[in-house]
Amino acid sequence: MAPILRLDDVSLAFGSRPLLEHASLQVEPGERVCVVGRNGEGKSSLLKLASRRLQPDAGSVWLRPGTRLAVLEQDIVTVEAARVREVVEGGLAGAGGIEHWEIPSRVATVLSQLGLDGEARYEDLSGGWRRRALLARALVLEPELLLLDEPTNHLDIPAIEWLEELLQGFRGALLFVSHDRRFVDRVATRIIDLDRGRLSSWPGNYSAYAARKAAQLADEARAHALFDKRLAQEEAWIRKGVEARRTRNEGRVRALVAMREERRARRERVGQASMTVQEAAPSSQLVFEAEDAGVSFDGRVVFEGLTTRILRGERVGIVGPNGAGKSTLLKLLLGEIEPTSGRVRRGGRQEVAYYDQQRAQLDLDAPVAHNINERGDFVVVNGENRHVSGYLRDFLFRPDQLMTPARALSGGERNRLLLARLFAQPANLLVLDEPTNDLDIDTLELLQELVAEFSGTLLLVSHDRAFLDNVVTSLLVLEGDGRVQDFVGGYGDWERWREERDAARGPGGRARSKAAGRARRDEAIAPAPGGGESAAQAQAGATGGPPAKARRRLSYKDQRELEALPGRLEELEARKAALLAETQQPDFYSRPHAEVAAHMKQLADLDAAIEAAFARWAELEGA
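All residue numbers for the sequence shown refer to my numbering, where the first residue is 1 and numbers rise by one.
There's no promise every hint is true.
Pairwise CB distance ranges, derived in the manner of DEER restraints [to be verified]:
{"#": "1", "residue 1": "Asp400", "residue 2": "Ala452", "range": "29 to 39 Å"}
{"#": "2", "residue 1": "Gly383", "residue 2": "Gly127", "range": "31 to 41 Å"}
{"#": "3", "residue 1": "Asn373", "residue 2": "Arg222", "range": "31 to 41 Å"}
{"#": "4", "residue 1": "Glu291", "residue 2": "Ala504", "range": "26 to 36 Å"}
{"#": "5", "residue 1": "Gly169", "residue 2": "Arg398", "range": "40 to 50 Å"}
Since the hints were made in silico from the structure, they are not lab data.
Each residue gets a CB set at the ideal place from its N, CA and C atoms; glycine is no exception.
Please build the complete structure, drawing on both the sequences and the hints.
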């Protein structure tokens, strides 16, 4: 079968830095090809070459004559049209072979397929719905070749799952860039790896590619080490001088010259990022507690009935459809807004590092280095004075980028810069709002390991299902009906439970119980003796709610004790903090031994009292 797209021996450079060197690529009709590679390697530029919006410095780009081509850009572009219908119609502008009378029916069909309101104002849409409208504009053309640059950006998880199904059934050829590992696994039939200017093809999905690529890099490292050892031996030989001038050794000299040239031409792979979080002193044990909390704006309920307790060291994911209130929930927990119903308590000694998906903390007109420290060349990280250039090298920034305006960076590079800025400040509470957007997969996997090892508390909003599964220990789920589920486990666990719940409810079952119970992290229950279901589990199966612990009614005395425990814990934590602060005094350990021993005993007694109070709290809440 003849290809629909072909790049032959293409080279492309920006300034002195080559992006592509003698690269070739061929895409067949019906293929779904994903391009992967580090941030800044040139993935978006490759798509621009494929769509002929960019011309190569050398080589050729061939597109089958008459091919209908549609493009979805990485960023949400500004569109002049006022209504969504007009945005979608824009995809047919200049298209040949389409009769005028066909346009309304085509637009109506794609609007219906994508669940879009044609009369809605485009500027009033959220980022996720704008993304969907721009995708509709691309699909209305019924393209034979579809180019998508980070199509999952700004989409919520239901929309990503919907897009997976749509692309799996797409009959044209697809060339796309994505960092979402699960999305790539489910959509791609072939992987194109862009590494140091060269393209290589890997049949199969991302998981198969990742294993084979790791083995290839290991083989490459061994081959380079052997080559460098041999080159060093030849350099030692040439320095002897006399033997090298003999006629019979001229061939060996020429071989050495060729080896030097080969080593000079080698492009080393940029090393792995080396990010670390600067951890602050621990927060209080209780980080957040919400009791039947809700938020409303102008009479519209965003969510209600939030009851949860988040303790130090927990890693909590916040998921839900766009517009369900994820950002509002973050603001509520952080104290930026107050609940309109119920109550929220916040623990003490919180040092917050907040990653904002809008990157508002970055000054795009300032140089990269000034975004880390605009008043000097050094930054203090974990008590160590580090030069900004060395610190940014850990985040894979080259020396020549340091004085480049942040505006010139790719989306993934901007995200890395924001992470570098964020991790330069001490924190015991990390709040990450969509941190994975635009990051290359290598950096994403390192960030995943970093936050999983963070000893503080994590609040994570993300649409990346693999990232959620590998990082969080529990979820706050907003399903869009105004209720918040408090669920133990990762996103995959939630998906399985939700499928079982919906299957148990049967057709229309979702409407039978708007709030079928909350999956409280402290309300999981073991099977009843003999392997049968407990009454609580049986009720969960009947209502479609998560398993809940059967509870007895507390006595008046126990209820009063339970209500007093949070205040008691705050008091104990404050006394402990004061004693700890005293131990930091320079002369503390020069005091009489008996005084120091008595002080340390008070600390030990307070630790025991705090542990006992939490144990009692758990006992009363589990009663």
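Right, here's what the structure says about each hint:
Taking 29 to 39 Å as the suggested C-beta distance range, the pair aspartate 400 and alanine 452 conforms, at roughly 33 Å. Against the hinted window of 31 to 41 Å, the Cβ-Cβ separation of glycine 383 and glycine 127 comes to about 39 Å, which satisfies the hint. For asparagine 373 and arginine 222, the Cβ-Cβ distance of about 40 Å falls inside the hinted range of 31 to 41 Å, so the restraint holds. About 29 Å separates the C-beta atoms of glutamate 291 and alanine 504, a value consistent with the hinted range of 26 to 36 Å.
For glycine 169 paired with arginine 398, a C-beta distance near 42 Å keeps the hint of 40 to 50 Å intact.
The structure agrees with every numbered hint stated previously.
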